[in-house]
Structures are given as C-alpha cells and as structure tokens.
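Each chain is listed here by its residues.
There are 4 protein chains.
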Amino acid sequence: MPRYPEPVTDPLPENPTHWTLTLVCDDQPGIVHAVSGAVVAAEGNITESQQFSSADTNTFFMRLQVMAPVDRQTFQQALAPVVERYGMRVQLDVVGRPMRTLVLVSKAGHCLNDLLYRQRGGQLPIDVPLVLANHPDLAELASFYSVPFEHRPVTDAESKGAMERRILEAVDEHDIELVVLARYMQILSPELCAALAGRAVNIHHSFLPGFKGANPYRQAHARGVKLIGATAHFVTSDLDEGPIIEQNVVRVDHTKEPAELVSIGQDEESRTLTQAVRWIAEDRVLLDGARTIIFK
Amino acid sequence: MPRYPEPVTDPLPENPTHWTLTLVCDDQPGIVHAVSGAVVAAEGNITESQQFSSADTNTFFMRLQVMAPVDRQTFQQALAPVVERYGMRVQLDVVGRPMRTLVLVSKAGHCLNDLLYRQRGGQLPIDVPLVLANHPDLAELASFYSVPFEHRPVTDAESKGAMERRILEAVDEHDIELVVLARYMQILSPELCAALAGRAVNIHHSFLPGFKGANPYRQAHARGVKLIGATAHFVTSDLDEGPIIEQNVVRVDHTKEPAELVSIGQDEESRTLTQAVRWIAEDRVLLDGARTIIFK
Amino acid sequence: MPRYPEPVTDPLPENPTHWTLTLVCDDQPGIVHAVSGAVVAAEGNITESQQFSSADTNTFFMRLQVMAPVDRQTFQQALAPVVERYGMRVQLDVVGRPMRTLVLVSKAGHCLNDLLYRQRGGQLPIDVPLVLANHPDLAELASFYSVPFEHRPVTDAESKGAMERRILEAVDEHDIELVVLARYMQILSPELCAALAGRAVNIHHSFLPGFKGANPYRQAHARGVKLIGATAHFVTSDLDEGPIIEQNVVRVDHTKEPAELVSIGQDEESRTLTQAVRWIAEDRVLLDGARTIIFK
Amino acid sequence: MPRYPEPVTDPLPENPTHWTLTLVCDDQPGIVHAVSGAVVAAEGNITESQQFSSADTNTFFMRLQVMAPVDRQTFQQALAPVVERYGMRVQLDVVGRPMRTLVLVSKAGHCLNDLLYRQRGGQLPIDVPLVLANHPDLAELASFYSVPFEHRPVTDAESKGAMERRILEAVDEHDIELVVLARYMQILSPELCAALAGRAVNIHHSFLPGFKGANPYRQAHARGVKLIGATAHFVTSDLDEGPIIEQNVVRVDHTKEPAELVSIGQDEESRTLTQAVRWIAEDRVLLDGARTIIFK
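Listed in order, the protein sequences are those of chains E, U, L and V. Each residue of the first sequence is one higher than the one before, starting from 1 at the first, in the UniProt record's numbering. Each residue of the second sequence is one higher than the one before, starting from 1 at the first, in the UniProt record's numbering. Each residue of the third sequence is one higher than the one before, starting from 1 at the first, in the UniProt record's numbering. Each residue of the fourth sequence is one higher than the one before, starting from 1 at the first, in the UniProt record's numbering.
Next comes chain E alone, as it looks inside the complex:
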C-alpha cells in the first residue's frame, strides 16, 4: 500500500522544462547535497525548494521545482544513484500537468460546482474524466461543464458492492490519480479505503467542540457555537479520522438558524476541499504517519 501517490506515466509535452520533484527517505546528513548534485547533472536549476525533517518518524521530506532542458528518462537516470543510495520514494512530474481526478457525489452540488468552476477557470490543475453519483441530481451541472456523469443507485449491499467495483474499475480505466469524495454520502468499505489509501480525499464539516451523531448542525445550534468549519482529509478506514490536509472556520452567532448554518458550512466545505485538491494536484502534500506535510 503506497503511503503517498505513486509516480505515473504522464503524456509528456514535447519540450518539458519545468519539473516538480518530491522525495521522501530516512533523515541523514548529505541528502540536499546529493539531490542538488543530481539536479546539476541534469543541467537543472532549482527554482523552488522546501524541506522538512520529521523528528517523530526520522523522515526527510523535500519538494523541488526544477527548470531542466531534458526529458523524463534523462532526469530519472540522473536521479537514480541518489534514489538508490538513500532508499528514496520519489515522484517526478511536469509543473501544471492536470491530475486525473475521479469525483464521487450524491445530491449536494456545492463542492462539485466549485471544483469544476475553478478547473475551467484555470485555477485548479485537474482533469475530471468522470463524475460518479449515487443520485441523479447533479447530471445537469456536470453537463454544463461537459464532464461525463454516471448515475448508479446505491440502495442495498449488492448495489453498494457494484458501485465500489465500478469505482475501482473507473480508477483503472481512466488512470485516475486522485479520488475526491465531494459530499459523497456513502461510507466506503474497508477494502475500498485500503485500495485508495493516500489517493482519496474527503470533506466534512467541523465544529468547536465536535459533535457526534446525527444532525450536527442542529446540535451546534443548540449549543450556540460561535465557529463552524470544514476539514479536508485523506480517506482511511477510520471514517473522518484520516490525515488532515486543510481546515477552515467561519464565525457565526446566535441569530443563525440551523438551515443557515448548513449554508455557511457548505461554503467552507467547498473552499476547503478545493484548496486541498489544489495542493494535492500540485504535489504539495506528503504523508508523515498520521500527519500531512504541506509544502505551500
């Protein structure tokens, strides 16, 4: 099971020059010198660099952007000795290449709308070859953005199993790198969670303090909370407990009815999920055990 998205074979533009390179390995002296040496060997110039040493797991994380007038194979060959020596997991990508993204939805369209609007406006480097839904409500929205939409009702164990098989099939069929649960109101099976580990992101509402059980907005209203928000996180089998990618809150007061809290919360969900997807698509999110390292 990969701890972060695996490298993919991307359709290279003719003249790639701007690369993203992320790498993870055990922490020890000399890594930066060795990696920057490989960049020099590939005739590259480092334009952006971020690193972090996790004291908890003794792991070294790095993200570079490199201008290099070479093809992928040449760059990989230049990196190979360093990768071998330090036992690195690396990912090499072309800056701005859209990440192939499968979106799962139910009835609520606020997250899907924001993703597709930002994608079309050039602010979100993703390709969405398919939207999979367990309800038909968002077909028109997908159509406006010319994104294929597939509706599969989930009403019992059998149709739920069929949907999950369809998700995995679509991941294969479209070389999907990221699965986004954009208010997909179905609990994934542990098997599907495991199969998508590190490649699936979920969004849910968040409150101070947290509320368990049904209708959390009603509970939040009853307790008179002053902040409501949203959390985007990786999917794990422990529902709503995966590594956190991004969180936002907004201030509310006693005049807000539960329905207004829902509306305000949806805005936070949209922008929080879109931000998380943007960072993942730009290779800015790495996993350190149960925590994320975000190289903004």
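One or more of the hints may lead you astray.
What the hints assert, rightly or not - Each pair of labels, with its calculated beta carbon distance range: (1) V/A259 - U/Q76: 29 to 35 Å; (2) L/S143 - E/D253: 37 to 43 Å; (3) V/Q28 - L/H135: 43 to 49 Å; (4) L/I187 - V/P190: 38 to 44 Å; (5) L/R251 - V/Q28: 30 to 36 Å; (6) V/E84 - L/T255: 51 to 57 Å; (7) U/P129 - L/R251: 40 to 46 Å; (8) L/S143 - E/P258: 34 to 40 Å; (9) U/R152 - V/A139: 56 to 62 Å; (10) V/D137 - U/R152: 47 to 53 Å; (11) E/R120 - L/R85: 53 to 59 Å.
Simulated from the structure, these hints should not be mistaken for lab results. Note that the Cβ used here is the ideal one computed from N, Cα and C, for glycine as well.
Could you slot chains U, L and V onto chain E? The hints should help.
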C-alpha cells in the same frame, strides 16, 4: 438560582446619565412598545438597542443603552409596571461601571496578565479586588498591577474544600459579580458550580477535531491539525460543556512542535477569555437555555 | 434625488406576513416608542430590530422585521401618523422579495458568475431581468443562467452616450431598483452617476497602501504588499470614492507574481460585491452622508 | 551602505550547534549544490531550508538552519570558497541569539509594552539595552521591565540634531543591530535614514483606501471604512514608503467612534510591529530592491 447575573446595588456616580438595560421575558407582541414607553416616562433617549426572539424557547431578549437624566430609583419606578406585566427579569446598570470580578489562577499567567493589562489600560471595565491561587507563582504579576493575591495550596480533599469555601466567602465579602477561571487547573465541585451558575466563566483550548484525555496539544500535533483555538464558556457542572460565549482559532502547520502549539494556544486563550469577560462586564451576554445571546 | 432606494410597488404575495421596515429621520426622543406603537396598531410583532443614532449628522436610522397579518396599505396607514410627525423617510418591503437588479459587465466574468450562481442557489434575493455589456464575452455565461444578455459596443463618445441612455431606459423598462457594476470597465458620466445615486454599486480592488494610476497589481507586486483586497461602494461622480459598503483583504507573499495577485484579487472582488448586493437587497444598507450604516 | 543587516561578532555559547545561514547572490545554476557541499564539509545537517529566485532582479535568496558541531571560524572557512565563487553576501548566526535592539518611543506605550512583554516571555529573541524617548511618559513601563530609559526632549532643530547624534552614538555604544521606531513621532533626517538603512523598522496605521494628511482615523470614520490596519516597514528617506514587512487589518463598522478606531488600530500596530521584529531577529527578512522576502 439566577440564570444570569442579578442586579446589584452599585455605588452611583453623582450624575448618572447613561444606562444599560437588559431584559428577558416570554415572547409576545407589544414588548418593545411597552419598554420604550417606560423609557419615555423616564425622560430617556434610546442610544443603542438590540433584541432577539428565540424560537426554541419562545423567549424575548433585549439590551438597551439609554441616556436619562434620572436616578436609579426613578428609572426603576418607570419600568416597574412593564416588568410586572410581562414577568421580566431586568438588569439596570450604569454604562462603564466596572464589574466586580474575582480571578482564580494556578501557575500559568498568560490569561491573568492580559486581563490586568487591559483593565489598567481602560479597555476592560472590571475591578479585581482579589486573585485567588492554588499556587504561589503569579504573586509578583498581581503585585505589579497592585491587585491583592492570596495563595491557598490545594493538595487533598480537605484543602480543596477549604479553597471552595474561601471562594464563596470572597464572593460575599467583595460583592463579586463575576468569577473568572483564568487557567485555574482545578475541577469545581457540583455544589460550587451550582452556586456560581451564570456568574463564572472558564477558558479552555479547542481543536478541530476535539481531543479527549491528557495532553491534547500532543494529540493535535500527532494528527497534524491545521487550526487550534480556544473557547470561553460559562461554568456548569458538566466540565467544559457550559454555554459558549466566544471562540477563536489560529492557523498552524506541520512545522510546529507541541511546545509551540501550546504557546500559540495560550495567545488564543488570553484574547478569547478577555473578550468574553468584556462582553459580560458590558451586560452583552444573556442566557437562552444552553446557548448564549451576545449583543455585540 | 433620493439618498437611498425609494419604495417600490411590489407584486404582493397573497398573504404577506413578514415585513422589512427601514426608516430614517432626525434624531430625537420617543421615536422607538412611536414606531413600535404603529407596529402594535398593525397587529405586528417585531422579530428583529436594529437602530443607530449618528452623532455626526444627528440622524436616527432603524431597521425592523415585523410579522404582521395585514396588507401593505393597512400597514402604511398604521405608520402614516408617525411618518408625518417625525418627517421620516420609510421603506416597507416583504422579506425575501427579490430586488430587481440590472448588471453591467465588460469582459471579466468572475463577479457576474458569483452573483448568478448565488442567486440561483437561493442565497441572494435578486432578480436579474437583463445583463448589459460593452463586450460580447459573457453572453454564454448569462445564457447558462437563462438571463437575457445585451451587447452594445462602446468605442467612442457617441456609442458611450447611447449605452448610457440604454442603461436609463432599461432601469425604467424593468423597474430596476439596483444597478450593479460587476467589473464594468467604463467611467459613468456625472449625469448618469447623479441619476443612479444611491442605487448603483461598484467594486474595485484595494491595496494597503493604495496605488494610483495604471496596473495597480504590478505596483503592488513591486512594493511587496502583504495584503490585497476589494472594496464595494456606492457610485458617485467622484470615481472609486463613494460610500463604502464592504471590504475584504487576503494575505499574499513575495512568491506571488502579478498574474497571481490578479487572480487572488478577483476572488475578493466577487465575494465582496456579492456580500454588498445581498445587504442592499435585504434593505440593510442606509446612507449617513458619506458613510453607510449596515444593519447586518 | 548595506542592503541588509551585516554579520556581527556575537558572544558564542560554549557549544554552538544550531546555526542560521542566510545568503544572497546573483541567480545561477548550482548554488544549492555548492552551499550544501559546504555544509557537508562542516559536518552539518540542514534542518530547515527556504529559497527564492527573484525574476525581477535575477537574485537568489536562501535561508538555512544547520546543526553543525563546529565553531564559527570553522563554519566560515568551510563556506569561504562558495561565498567567493558566487559573490555572496552571507550572514551566519546562532539560532535564538537575541538581536541587540534599540527602541525609540514618544508618548504612546502600546508597541513598547508588547515588545517588552513578548521579550520577557521568551517569545521574541531581542535584547533591549536602551529605550530612547523624546517624552518622559514611558519611563515607568521601561523600569518595570528593567530596561534603561533615556529621555531627551526634541523641541527644535538643535535638540532634534542632538537626539539623532545620540541615536547613532547609542547604536555604536551598544552594538545595535536593529532600531525599532515604536510609535516614535519624529521624522528622521535623510542622513539618519541612510545611516540606518536596512536596520530600522517603523510601524504606521493603514487604511483601505489610504488617507493623506492629519488625523487619518477621523477621515476613516468620515468615509465609513470597514477595515483598519497597520503596516510595518523598513525606514527609508521616503517616509512611510519603505519595503513592507508585515500588514494586518481588522474589521470595524459604523458604530465605532474615531477614539475607538484609534484603540483598535493600536492593537494592530502592536502585533504587526512585534511580528516584523520577530522575523528580523530570526534572520527571516531579506531585501529584494523595494520588496522584502520573508522566509516564515
């Protein structure tokens, strides 16, 4: 048991003219007309007015600021028929009169420092006749601000009982209107909570998601939370679960060690507690069941 | 010339019960009592009330929401004596009635998109019978939301005059209450500004410090500003200097290129303009000389 | 004239191990490899690294934190060939070493109080050997924090010249690295600005839009601004126009009187100035022409 601070007999300045009037009663038509009629009868002019009707409890809440060239007794007489007719709980106060406040502390001084610094700077209308502490550490800080400081160790059931009796005694002795637990690291007995209901405010850290158990900052670090914050709330016998008055959060990232999270969290605790105390001291906080109405 | 939008004859639903009432007059004692008496006479119950006394202009402002089982004429008759006595300007509206809004655009669609998306989602009580544009670029966007779109090139003094006449004609034709300049990149003539006074809102970018002249985003980049934002304001003949309705900023840093600052600034423009339009449509914005009173 | 603070001879602890290294040079390939090679030669491990290439000035900026079991001379010798080859300006410092800071004040104490409170609490790595003031008001505050305070009235050209000579003398006498104008209400002469270039930081209020001339808070009130804030910047001879280090804003509304705006603005000034000083003291601020690069 009062659900919000009772009116007190305040030492009136010679020529009081600016009043705060808060009132709570069952909701029904005609209240505003009746109250504003009483204000006219007291030759008053309404300079600020806020109201809220709670659909949940069918309760009407109002806060007025009134310029009136009368003394307290005259104003109260003008209000009396309305108070009687609607079964109102009312509180009449002079704008800017400092609220008599008892502060309870342990070792950490960030909240006490902020309260006393703001008080001295004229930004926080409280009088602090006494700081009660179960540790001696903050004696010097209190001394700098010329506030009496009393240290009573709490080490067992007997000394804990003695401290709680001292708290109640100090409340009586100094006509205390508000008790502030400024990082007072002792759990109050249910009896003391009941005795101080609606008159005691507590501060604690808050996270998205919430963490139960010891060392929450370490847990927050382990989960890689992106927001940490603080909640100020009224004290009830259900620890950390009383009506919320104010909440704040601040953004953190993966580079913050647990000790830094603690420091950041303390800043949020200070400003959140001070804000809550300011609103209470200005008669801006009313209770609607488990929720607070805040007339900012 | 009205200082704020005049009452309009609205198509009443059969059984209007929830009203918005705003009123402005010289400040003096007894107003609240008189107005609340008129509400009682109309069998109404005040569900929301906000007021402000401007010391600068000695003006009293009030906004009420009232549940009243009467028709418009009955309510107006109940109010008439008070209106007369205090020389009030009043506006009586049904809560939630969409405000008839004309939108002016050029090429950039971010503000128009946000307005129409929020309107369709039920979060923005406006009706948009027409979008007028001096460029054809946004025809498709308007079409997606089924809003009539009219393109009139503005290339010289004559076509500019024709456009301005068309704007005024459209205001009459569609009973327009609010004109929104949603990045309409034309300077309005003083005559048009005067004709639309208090009824037209504009959005522009804002920086700390401000920058005069062309290409402000490039100047902001050159100075390394850390905050960029947007201001929504009423249109006056003094360009970009009308009464401010809403402002927002967002944090940026040295890594942002001018093009990115533009994109970030556009997000602020969208949400700031939409917020200003929402408050106007809900009768929450009143004018106090060069300042706005916002009853949120 | 240095464009950023020059290296100083610091009193080394016995066993220095954690270093801050900042470097600036013309941008070209291979720098990171060369610098990391020098770190390896000094037996160092890079624990934090940030870099930025300015396209505007073709300049490369880097800040490293390095654990290295060597003394300053050894580290400098390891770096020397790289510094020479790339024509670098470098600064090598021990992490956490307090920056020697001279504070200039007039009457208002909010900024001085925040600086000294944070310094004493261990949150701000500065040493303040002297506070210089043109008014006596803040003597007691300095005394509480045991900081020497010197009062020199500035009433005419002669006393102003004497104060400026005293400032330069104090800079020499105390090996001052940073001069903080903490609401020092005197305009510095061009000669003094030049002498302190890159080593002096100022704070002033900021508004959207900006206001020229006297009493800006009154102007801001008259225009009904919704955001007020503060900007910390390096001092240049063009008053209030030096490179910006940090900016903050806070939301206000129509109910705030000018005096309240002043109080709110002072809070923003305090926290903005303290943040700017913290970043400078941690060697996180580098100059790129008229812009700052902040490695947070």
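Evaluated hints:
Here the CB-CB span from V/A259 to U/Q76 is close to 31 Å, well matched to the stated 29 to 35 Å. Under the hint 37 to 43 Å, the C-beta atoms of L/S143 and E/D253, about 39 Å apart, fit the expected range. The beta-carbon spacing between V/Q28 and L/H135, approximately 44 Å, falls within the hinted interval of 43 to 49 Å. Take L/I187 and V/P190: their Cβ atoms lie about 39 Å apart, and the range 38 to 44 Å holds.
A C-beta distance of roughly 31 Å is found between L/R251 and V/Q28, which places it inside the suggested range of 30 to 36 Å. Distance hint check: the CB atoms of V/E84 and L/T255 are about 29 Å apart, inconsistent with the given range 51 to 57 Å. The hinted range of 40 to 46 Å is satisfied by U/P129 and L/R251, whose Cβ atoms lie roughly 43 Å apart. Checking the proposed 34 to 40 Å range against L/S143 and E/P258 shows it holds: the Cβ atoms sit about 36 Å from each other.
Distance hint check: the CB atoms of U/R152 and V/A139 are about 36 Å apart, inconsistent with the given range 56 to 62 Å. The hinted window of 47 to 53 Å between V/D137 and U/R152 is violated, with their beta carbons roughly 38 Å apart. Range check, E/R120 to L/R85: about 57 Å between beta-carbon atoms, so the 53 to 59 Å window is met.
Checked against the numbered hints above, the structure breaks hints 6, 9, 10 and satisfies the rest.
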